[in-house]
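Mind docking chain Z on chain A? Use the hints.
Read top to bottom, the protein sequences are chains A and Z.
Number 140 in UniProt numbering belongs to position 140 of the first sequence; there are no gaps in the numbering.
Number 127 in UniProt numbering belongs to position 127 of the second sequence; there are no gaps in the numbering.
Source of the hints: derived by calculation from the structure; they are not laboratory data.
Take these hints with a grain of salt, some might be off.
Identical copies go unnamed one by one, so any copy, or any two together, can satisfy a pair.
Here are the simulated SDA-like cross-link-like pairs (lysine to any residue), alpha carbons at most 25 Å apart as the crow flies [claimed, not checked]:
#, residue 1, residue 2
1, Lys309, Val405
2, Lys245, Ile12
3, Lys665, Pro217
4, Lys665, Tyr220
2 protein chains.
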Amino acid sequence: MILSALLTSVGINLALCFLFFALYSILRKQPGNAGVYAPRLVAHGKSQERGDFSLERLLPSAGWVRMAWQPSEDELLSVSGLDGVVFMRIFIFSLRIFTFAAVIGVFILLPVNYMGDQPSLDFTGVQNKTLETFTISNVGDGSNRLWIHFCAVYVFTMFVCCLLYFEHAYISAKRLACFCSSKPQPQEFTVLVRSIPVTSGRSVSNTVESFFTEIYPSTYLSHNVVRRTSKLKNLINDADNLYGKLVRLRSGNGSEQRFKRTGFMGLSGRRVDLLEQYEKQLEDVEDNVRTEQSSVAMKEVRAAFVSFKTRLGAAIALHIRQGINPTEWTTERAPHPQDVYWPFFSASFTRRWICSILVIVAFTVLTVLFLIPVLIVQGLTNLDQLEGFFPFLKSILRISFISHVVTGYLPSLILQLFLYFIPPIMVVFSSIQGYVALSEIEKSACIKVLWFSIWNIFFANVLSGSALYRFSVLLEPKEIPNLLAVAVPGQATFFIAYVVTSGWTGTALELVRFMPLISSFMQRKFCGSSNDELEVPSIPYHGVIPRILFFGLLGVTYFFLAPLILPFLLVFLCMGYIIYRNQLLNVYVPKFDADGKFWPIVHNSTIFSLVLMHIIAIGIFGLKDLPLASSLTIPLPILTLIFNNYCQRRFLPTFKTYSAESLIKKDGDDQNDPTMSSFYEELATAYQDPALVPVRYSTNGERINSPLLGIPES
Amino acid sequence: MILSALLTSVGINLALCFLFFALYSILRKQPGNAGVYAPRLVAHGKSQERGDFSLERLLPSAGWVRMAWQPSEDELLSVSGLDGVVFMRIFIFSLRIFTFAAVIGVFILLPVNYMGDQPSLDFTGVQNKTLETFTISNVGDGSNRLWIHFCAVYVFTMFVCCLLYFEHAYISAKRLACFCSSKPQPQEFTVLVRSIPVTSGRSVSNTVESFFTEIYPSTYLSHNVVRRTSKLKNLINDADNLYGKLVRLRSGNGSEQRFKRTGFMGLSGRRVDLLEQYEKQLEDVEDNVRTEQSSVAMKEVRAAFVSFKTRLGAAIALHIRQGINPTEWTTERAPHPQDVYWPFFSASFTRRWICSILVIVAFTVLTVLFLIPVLIVQGLTNLDQLEGFFPFLKSILRISFISHVVTGYLPSLILQLFLYFIPPIMVVFSSIQGYVALSEIEKSACIKVLWFSIWNIFFANVLSGSALYRFSVLLEPKEIPNLLAVAVPGQATFFIAYVVTSGWTGTALELVRFMPLISSFMQRKFCGSSNDELEVPSIPYHGVIPRILFFGLLGVTYFFLAPLILPFLLVFLCMGYIIYRNQLLNVYVPKFDADGKFWPIVHNSTIFSLVLMHIIAIGIFGLKDLPLASSLTIPLPILTLIFNNYCQRRFLPTFKTYSAESLIKKDGDDQNDPTMSSFYEELATAYQDPALVPVRYSTNGERINSPLLGIPES
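Just chain A, same shape as in the assembly (with noise of 0.2 Å):
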């Protein structure tokens, strides 16, 4: 790719940010937009409308940076978790990074390459100048400029790993700070039992209960055990959609939805009171859902959540083995009671352990099936193969400007929009994989959208765009660093590219929210729904932060090949840490909190594009005649894996559990707590099943102790 059609590139999309920036802030202030740009405000009641129209109100204006700007980071706790905390630090730490890989790499990097001495094919004036010119490649071969290079990767490691290890402290003790400031939290009193063996003619109720009294006398409080409702919570669906329709029904205008024939169509037939037609069915349901709720109580799973009176006991009935049989009572951690995932509750260990096998399964398999839309986007970067494939459009290609935006737009675009559905995908994997916490399925799935990303984008480009797509390569670990340094700098162009389609364009799409817009467009336009019923949504961490740490891996491995890069990563980060902050603040609301367990999933993906930069460096050395370079930086990858075993035993424990003093001391404070007893009564039915709650739909409107999830207190 030429310079231009990069240039074609970056214009394309920086044109559509500020088009994005100037909708939103028109949109915004419309008033009808509230439930759309600031649901979280209008959900707290803190949104102010805006009744009078102004001429203001369609003019674009960049307040809403400054107020994005503006709050502490304490501020954001309260208002988004840890988990916002932690996700604003990730773009923290990436400025941070790519700011000083930036300064080195454009003011040293740069013009060290652009005044390499490679011969290559020439090009005439600076604009038809391929990229390559200001990537390593242009450096001779054996040159002595390279040690820069080589100084520059042992300096950029350093700085890395420092930062890592200041910003893994730093998380740590805010997590630590957070848990000594909290009020008494279900989750820290409760495990959840499984695998309870019961002995014939005892329920399973009876068999924990006395197991516990018996073992734990002075610290067992109560338990609830997990019953099978999948009946049940179809039942409670149909009354809920019956419910939806009568009060669609009864604020309706009017009598033309309200009488239907019976007849085919509607057509034909008696004609009917729909109202009275939906109360009768809504009353047999609910009838119904009380019948089985009744039921339910003797269908139970082998499972149970158990409630301690201190935070110790709950720690100890999690680490040490409870049963003489290791497969009988096993423990694990209780997630909060709104972040429990209760389907899968109702599966044995048999299918769940199946169906997470059929999960990595479909994992591979839809690994394998992507490359054919990635190889498809790969042709369209190559237009002489374009045109051998489609000869009717070599006259259109000719077009300068339309061959820019098929070599320099195109392809990232339509990757970009093949990617759009991976996000929900992994997560319906994550879900059927038998985690039992919603924030335990979010994690999984971003774990796997990332390996997806850098396996499907990184890899998958890089080799299929210069060598065959190999798999072999896997098979003969020597040859993975020459065959990557060959590969990886020809990329660099594409890579910049899908900086500007997916990173800034993406961003800005963030924030205009297309389709929770349109959609809200058409239920005011057609169906008239008020604010009542808005649904304020929570991020979708697992899309997002696999995305910026993809950047991240792209930032790190192209910072001494190609530094080009780095300029536009910042545009990108920058984008993003006001945008995401915009986001937190007024749209999105934390549905649950991992604690901040994401970011061990961000130490080790820097780990992990430390190392495969290391990995391409010493293959770049190797080919570039420079061996004594090569081997110099070999003990760079091994240094930076002791690094990282060095932070995983200092840091990852306190992501995992707290420590013996800390749950001491804060069992402590709470003695002296006048509100612990009412705690105490609270923890006993917090871990019941929202299906068995019991649900009376009131005739004048009012849904009563609603089962959908409700919006956990920060």
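Using the frame of chain A, we list chain Z on its own:
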């Protein structure tokens, strides 16, 4: 190798075995040898002295076999602890497997192989027939008879897996039963705390005291801070040496040794009384020891043994992270007081870490350098090659008997001699690695020796014998099955000879105990030692277990390739069973108890053997033009690994920790035990460094409070 060479080797070894048996049954009856052949009985005062000479004493007899056979497993348990029982279970387990294998192998596979139709170089007469005729190589390519081998592999794998499951269950249950019936043990109530953070001005002891009394006020009992005692230990060693000399002088025969000249080589100068001199020196050293003992109290290491009042209390401290910083207050399981390996406590964390890296490097170097003797050994099996190197040997090597000895017996004998030095080296390696318990060192050495044997005896022989010794094959995983399929069957005869030499004669040698016999003889002749100084040996599990497991590996992999190996293996196992039972009952005393933790090694080794057999089977069926059988074998290793995974979940936790249920039950039992208060008193001093125990050498021959490790009560 042809059949007659193998028969020569079998003949020699059989003769040797009978010789050793005869020798043993005569020697053990001589009254002077009680210290060699029944030191355990002598130490426990159960040895019957036979004073009067009779002819019966000079005739070999087999009474000891009956005596070794008789005791039940419970008696064995009381004599040699759970480790001894587990050790004998290895024999029983192997005997069961290989009896089954031998039935299939000898009665089904061997005839099939022998009637095979593979065209080969023809020899005349059974005597000169190569052993190849009895292996799978003799079955024609693509022959349907190979399906018999295929079925045998499946049936055998299923049988082994079932047996593994039941054996694992049996030993877990045994372990639990031992725990339930045992008296309170110090290690159950104690944890080892390391990396204690010390603020300046406070001693480690105070820090530990205040930390644990604060967080476990109700269960904390006492603690023992570890101290730097290397200097003190040297002094005590000096004192012990001096004391030994003194005792020998006192009991010595008169004055000829007592007086010595001070000058050159004791020939010139003043005559001095050595007795007086030594006594004076000993007093000086004793003074030094006392001074050092009092000053050593200041030399605290940041580690302590912390004891609790209940087992559950210790388990809580062990399993829950104590300090907020995960690198501080780290806890690990405390070994039995007599099992503690003191030297490495003084080492800092960094030093231990460096040491363990050095050990890995040293282990790798040793593994590689060991190939040299193996290659030489391998050269000896090829007569032609030998004649090429040493032409002058040609005439000697042409003698039939010599050539049989050289090809059949010598190679494995030489390998055997080299291997003799491996277990002690591995113990040194493991002790440098920084384990705190002797039993851990033994276990780690056991694993090291096992891997060393598998790599250096199995793979090195297999690969150097047929193809070049190719490290590079590790980089081409796809080639491994084919390579093994070509190479492994070719080495069948070598390994049969190896079983006969190393297995039969090696085990018979164990019975005769030549080295202790000679040293006891020398002592009695030249030093006039008495039975008071008798040191009862403990069984070197790290040397014996890997050998049995390696023979198991040979048996499993060669089961369908060359079933001829199985009868030889069965003879070895029967011999080993009787001989080691005899040795456990008469000779060895357990120095420590690893509580049956050797079993998981046996399990893993068996699973490895099975998977290796499957890989070879995949290769063989492929080579023999039966691709369907090859493909149908692929699920087998996968199923085996899944089975292994299940076993590890099901049983491994029981080998690591005891469950809360059993701990609490045991604690409850103790509460009614009146002896507990005295046990707590003992516990407070149980983990004192033996070097700190006050030492006094009485002038009339008694050494009070020996720092040597004593014999635990079983």
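Taking the hints in turn, this is what the structure says about them:
1. Lys309 x Val405: Neither. Shortest intra-copy (65 Å) and inter-copy (77 Å) distances fail the 25 Å Cα cut-off.
2. Lys245 x Ile12: neither (46 Å within a copy, 95 Å between copies)
3. Lys665 x Pro217: Intra 21 Å, inter 13 Å, cutoff 25 Å: intra and inter.
4. Lys665 x Tyr220: both (19 Å within a copy, 17 Å between copies)
Violation of the numbered hints given earlier is confined to hints 1 and 2; the remaining hints are satisfied by the structure.
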